[in-house]
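Engineer: Protein chains in written order, with this note's numbering: chain A, 1 to 289; chain B, 1 to 245.
Incorrect hints may have been included.
As the list claims (entries may be wrong) - Take a look, some chain B residues computed to stay more than 12 Å from chain A by CB distance:
{"id": "1", "residue": "K3"}
{"id": "2", "residue": "A13"}
{"id": "3", "residue": "E26"}
{"id": "4", "residue": "S217"}
To be verified - If the Cβ cut is set under 7 Å, some of the chain A residues that face chain B in the computed set are:
{"id": "5", "residue": "L165"}
{"id": "6", "residue": "K168"}
{"id": "7", "residue": "A169"}
{"id": "8", "residue": "A172"}
{"id": "9", "residue": "Y175"}
{"id": "10", "residue": "N176"}
{"id": "11", "residue": "A179"}
{"id": "12", "residue": "R181"}
{"id": "13", "residue": "L182"}
{"id": "14", "residue": "V183"}
{"id": "15", "residue": "G184"}
{"id": "16", "residue": "I185"}
{"id": "17", "residue": "P186"}
These aren't lab readings, by the way, just hints derived from the structure by calculation.
Please read all numbers here as calculations on a predicted model, not as lab measurements.
For glycine and all other residues, C-beta sits at the position ideal for the given N, C-alpha and C.
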Amino acid sequence: MNVLADLLQYLFSGLTNGAIFALIALGFGIIYNATTIINFAQGEMVMLGALSAISFYHLKPSLPLAFVGGVATVIVVGLVFERLALRPVREPTPLTLIIITVGGAVLIKGLAMLYWGKEAYSLPSFSGEAPLYLGTATILPQNLWVLGLTALLVAVLEAFFRLTLVGKAMRACAYNARAARLVGIPPGRMVQLSFGLSAALGAAGGILIVPLTMGMYDMGTMLGLKGFSAAILGGLGSSLGGVLGGLLLGVAESLACGLISSGYRDAVAFFILLVVLFLRPQGLLGGRE
Amino acid sequence: MLKIRNLYAYYGAVTALSGVTCHVNEGEIVTLIGANGAGKTTLLNAVCGLVRHEGEVTFGGRSLTGILPENLVGLGIAMVPEGRQLFTPMTVAENLELGAYRRYRRNAKAAIAEDLDLVYQLFPKLKERRQQIAGTLSGGEQQMLAIGRSLMASPRLLLLDEPSLGLAPIVVEDILATLTRLRREGVTILLVEQNAREALKVADRAYVMETGRIILSGPAQALLKDRQVTRAYLGRDYKEFTEGR
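Looking at chain A on its own, in the form it has when it is part of the complex:
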């Protein structure tokens, strides 16, 4: 009976982390669809979201304001990053651009260290710390916030891509960039939009998770790599794949952590990444190309 309760506990914490990986994975996918590059600065957007929300909270202790302020700040950073670091590149090949994003990630992390220092910050939970009991397993209200808001964000994002003209234009650009240009869809605008959207998703992920984990200038790197693994696992560019990849990865990590040893936590993500790349490089739901 105890084993079952433990499993339930692992499942909950796994799903919570997995939801954050999913948000980050979606960010990778959106930028990949618009540009065919991987934006390795995505993890830093998560860190920036968390830390700037904390700073906003210290200015004025209101969680909704901190959330909005954090997301807005990071959207601006994402747009500026695209405008200053990627758009001016004279001969943009995917490889050059990807390497620039790696450089951008290091730069953003460095600047964050200068501004926030090396200590860890925390943000209060969105609605108290009193755990809820589910049989013998306990669950924190913040876990529910993470799962609920992630589900909401994913639904809104999906509606945007399926129902709005701009969302459809972004998809059209991913399916056939040349044809999209000929019907009058400006690719530059779509790329810009994709950076703004991914930055917002990453920031939201960071703000949601930071009450559970504490925030530090270097938290983005590992989260970014996990989100990347999730995106690859699910199928890069597929939104359903990103969500599925994120949740699977989160649960796998949590199970490995609980059943084997917490030392294996990070190894699991990258082991899965390697296995996927060897056996099914297009990911679980990715189309064959």
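Fit chain B to the known structure of chain A by using the hints.
Structural biologist: Same frame as chain A, now just chain B:
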């Protein structure tokens, strides 16, 4: 309406167009015929700004130099690219909707709805299948959708690149016949075709291209009867041609 003067284009060291001069008058159907690799597609791509080129291209007196491809529809030029280039995972209706992408912001909803009606009237098949995924349409229907999508931009000049490619002869006739109807709706047409016979049947004037140059031009009816054209592009007199050597 469209004037092209002394147009040159290169792919690396290869010259794809060497000094092409031609024009399309308002209300005309002009066809550009020639064998594979003659430079027909390059010419269209140069007009659209998709290929780097030298020379002068003007549309209604306005130079197209430096225009980005995505801004052409705003000027009234729409292109039906070679191989349809549909948004294959999207529905027929979504493809058509995106064809009018630039017009939504100008609050042209009523005009867009009218154009959608026109497209559905021209191609009733598309109306039947409007919720179907574009990639699952037959080749002919896909070509209709490609033309329909470009019409949704409400163009004054329509550029078509090989609309007959890979289609059954009867479907080709069908599609080319709609061009005559479009002209009646006030659309000027530049049609690039390898299928010279069918193209000449619907066109007013024609240019014949070979290795990046225009080697012959004139009224379509006259070219249909021209011996040189018949031999090279219409496949008639082939026996006589080979035996005579």
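Engineer: Now tell me, hint by hint, if it's right for this structure.
Structural biologist: Here's how the hints hold up against the structure:
no. : hint : result
1   : K3   : 21 Å, holds
2   : A13  : 19 Å, holds
3   : E26  : 22 Å, holds
4   : S217 : 27 Å, holds
5   : L165 : 6 Å, holds
6   : K168 : 6 Å, holds
7   : A169 : 6 Å, holds
8   : A172 : 5 Å, holds
9   : Y175 : 5 Å, holds
10  : N176 : 6 Å, holds
11  : A179 : 4 Å, holds
12  : R181 : 5 Å, holds
13  : L182 : 5 Å, holds
14  : V183 : 5 Å, holds
15  : G184 : 4 Å, holds
16  : I185 : 6 Å, holds
17  : P186 : 5 Å, holds
Going through the hint list in order, the structure satisfies each hint without exception.
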